[in-house]
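Protein chains: 2
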Amino acid sequence: MTKQDTKLRILNEAAKIIHCKGFNNTGIQEILNASRVPKGSFYFYFKSKEDFGLQLIDHFQGFILRRMKDQLEASDASPLERLRRFFEGTLEGFRCGALAGGCPIGNLAQELGDSSDKFRMKLGNALDQMEDCVVRCLEEARDQGEIDQSLDPKETANFILNSWEGSILRMKATGGVEPLITFEKMIFDRVLAR
Amino acid sequence: MTKQDTKLRILNEAAKIIHCKGFNNTGIQEILNASRVPKGSFYFYFKSKEDFGLQLIDHFQGFILRRMKDQLEASDASPLERLRRFFEGTLEGFRCGALAGGCPIGNLAQELGDSSDKFRMKLGNALDQMEDCVVRCLEEARDQGEIDQSLDPKETANFILNSWEGSILRMKATGGVEPLITFEKMIFDRVLAR
Numbered sequence: 172m173t174k175q176d177t178k179l180r181i182l183n184e185a186a187k188i189i190h191c192k193g194f195n196n197t198g199i200q201e202i203l204n205a206s207r208v209p210k211g212s213f214y215f216y217f218k219s220k221e222d223f224g225l226q227l228i229d230h231f232q233g234f235i236l237r238r239m240k241d242q243l244e245a246s247d248a249s250p251l252e253r254l255r256r257f258f259e260g261t262l263e264g265f266r267c268g269a270l271a272g273g274c275p276i277g278n279l280a281q282e283l284g285d286s287s288d289k290f291r292m293k294l295g296n297a298l299d300q301m302e303d304c305v306v307r308c309l310e311e312a313r314d315q316g317e318i319d320q321s322l323d324p325k326e327t328a329n330f331i332l333n334s335w336e337g338s339i340l341r342m343k344a345t346g347g348v349e350p351l352i353t354f355e356k357m358i359f360d361r362v363l364a365r
Numbered sequence: 172m173t174k175q176d177t178k179l180r181i182l183n184e185a186a187k188i189i190h191c192k193g194f195n196n197t198g199i200q201e202i203l204n205a206s207r208v209p210k211g212s213f214y215f216y217f218k219s220k221e222d223f224g225l226q227l228i229d230h231f232q233g234f235i236l237r238r239m240k241d242q243l244e245a246s247d248a249s250p251l252e253r254l255r256r257f258f259e260g261t262l263e264g265f266r267c268g269a270l271a272g273g274c275p276i277g278n279l280a281q282e283l284g285d286s287s288d289k290f291r292m293k294l295g296n297a298l299d300q301m302e303d304c305v306v307r308c309l310e311e312a313r314d315q316g317e318i319d320q321s322l323d324p325k326e327t328a329n330f331i332l333n334s335w336e337g338s339i340l341r342m343k344a345t346g347g348v349e350p351l352i353t354f355e356k357m358i359f360d361r362v363l364a365r
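Quick mapping for you: the protein sequence lines, in order, are chains S and C. Final position of the first sequence in the numbering used here is 365; the numbers increase by one with none missing. Final position of the second sequence in the numbering used here is 365; the numbers increase by one with none missing.
The set of hints was computed from the structure by calculation and includes no laboratory data. Note that the structure is a prediction, hence the values are computed from the model and not measured. Do not rely on the hints blindly, as some may be mistaken.
Stated by the list, open to error - Covered stretches of chain S, going by a simulated chain C footprint (3 or more residues, C-beta under 8 Å):
no. : segment
1   : 240-252
2   : 260-270
3   : 348-354
Unchecked claim - Rough simulated footprint, nothing fancy, chain S against chain C, three-plus residues with beta-carbon under 8 Å:
no. : segment
4   : 274-286
5   : 331-341
6   : 351-365
What the hints assert, rightly or not - Pair ranges (Cβ atoms, derived):
no. : chain 1 : residue 1 : chain 2 : residue 2 : range
7   : C       : G198      : S       : D247      : 50 to 58 Å
8   : S       : L179      : C       : R256      : 21 to 29 Å
9   : S       : L179      : C       : G316      : 28 to 36 Å
10  : S       : G198      : C       : D241      : 39 to 47 Å
11  : S       : R238      : C       : R307      : 21 to 29 Å
12  : C       : G316      : S       : D222      : 41 to 49 Å
13  : S       : C267      : C       : R256      : 40 to 48 Å
14  : S       : E310      : C       : R266      : 28 to 36 Å
15  : S       : G198      : C       : R255      : 30 to 38 Å
The beta-carbon is built from N, C-alpha and C at its ideal position, and this holds for glycine as well.
Just chain S, same shape as in the assembly (with noise of 0.2 Å):
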């Protein structure tokens, strides 16, 4: 096994137990015995736990971006269909429980969002560039005439981005779907109707 793949181990673990309970309530102890590796490998590819911490938004990061760029950027179906597509897929995610736990940028910005400058700026970051995706969308729904030509893209998309991820949190109180449901209908029947 290459240092990278034990790496990678570290942080897909860590991400499954992060993702469930929380960055502070997770203990390094708990994150070295779900990975297997001794407590010095762990210090070898992060310097603290803060250092882990940051890594580990990159690597949620680049799941999510990947997904979002293969679905927002394909070349089968016109921009607004494409994003569409893209939350009906994280709706049927959460309604089987794949997605459960909720999104887990929105998690740690909710968490660690106050707790330090540099926790802030890699949130902050993570959420610009999902953010970036769904302007680029609209800018091509703008150009084709699928939307006003008055919305202004980026403010669009940072208003359907920031609503996605309050409904996300609706659910883990609901426990249910339809705050997604509700969501894509209001985004699509009232913003970005023309």
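Using the hints provided, position chain C relative to the given structure of chain S.
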């Protein structure tokens, strides 16, 4: 000092700490120190940390609902004006730092919603009651012809509340109030526009 005063002091002191640090990351001892009560006194009022957490949610909820009702049920402005005034008031609160730390109910929903049915139901109920304040305001707005008759007050209020929570969450990553400004603009110019 009456028993009720002591209990309220514990809740007030704990609220400040937990609003900043989160529930799981705050120990009972820290709450005891801040409220200057002995451990036995804490367990006189609260059966366990979970029981304390549930009562703390009631405490936060009471504070938020009083504020929402005061503003959304006022009689000196139209329903939509009251709604706008409420959101502008919270925007001002965040701008001047008075509301730093985000929405306490949103924070706890993110942190604890998945952790136990008791927490989930308590938080779900708190958010439902906040939503009901917005529903009543939108029903009045509809009856007075301020919004489209086709807008469902319940669904719209659900979307507004979730988008608002999402914008507050995003502020933790941007470090500024831009997400709330965009939220207000999109809600009033697109979602509620006739």
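Going down the list of hints, with the structure as the test:
no.: 1; hint: 240-252; result: violated (count 0)
no.: 2; hint: 260-270; result: violated (count 0)
no.: 3; hint: 348-354; result: holds (count 4)
no.: 4; hint: 274-286; result: holds (count 7)
no.: 5; hint: 331-341; result: holds (count 9)
no.: 6; hint: 351-365; result: holds (count 6)
no.: 7; hint: C/G198 with S/D247: 50 to 58 Å; result: holds, 54 Å
no.: 8; hint: S/L179 with C/R256: 21 to 29 Å; result: violated, 51 Å
no.: 9; hint: S/L179 with C/G316: 28 to 36 Å; result: violated, 59 Å
no.: 10; hint: S/G198 with C/D241: 39 to 47 Å; result: holds, 43 Å
no.: 11; hint: S/R238 with C/R307: 21 to 29 Å; result: violated, 39 Å
no.: 12; hint: C/G316 with S/D222: 41 to 49 Å; result: violated, 58 Å
no.: 13; hint: S/C267 with C/R256: 40 to 48 Å; result: holds, 42 Å
no.: 14; hint: S/E310 with C/R266: 28 to 36 Å; result: holds, 30 Å
no.: 15; hint: S/G198 with C/R255: 30 to 38 Å; result: violated, 46 Å
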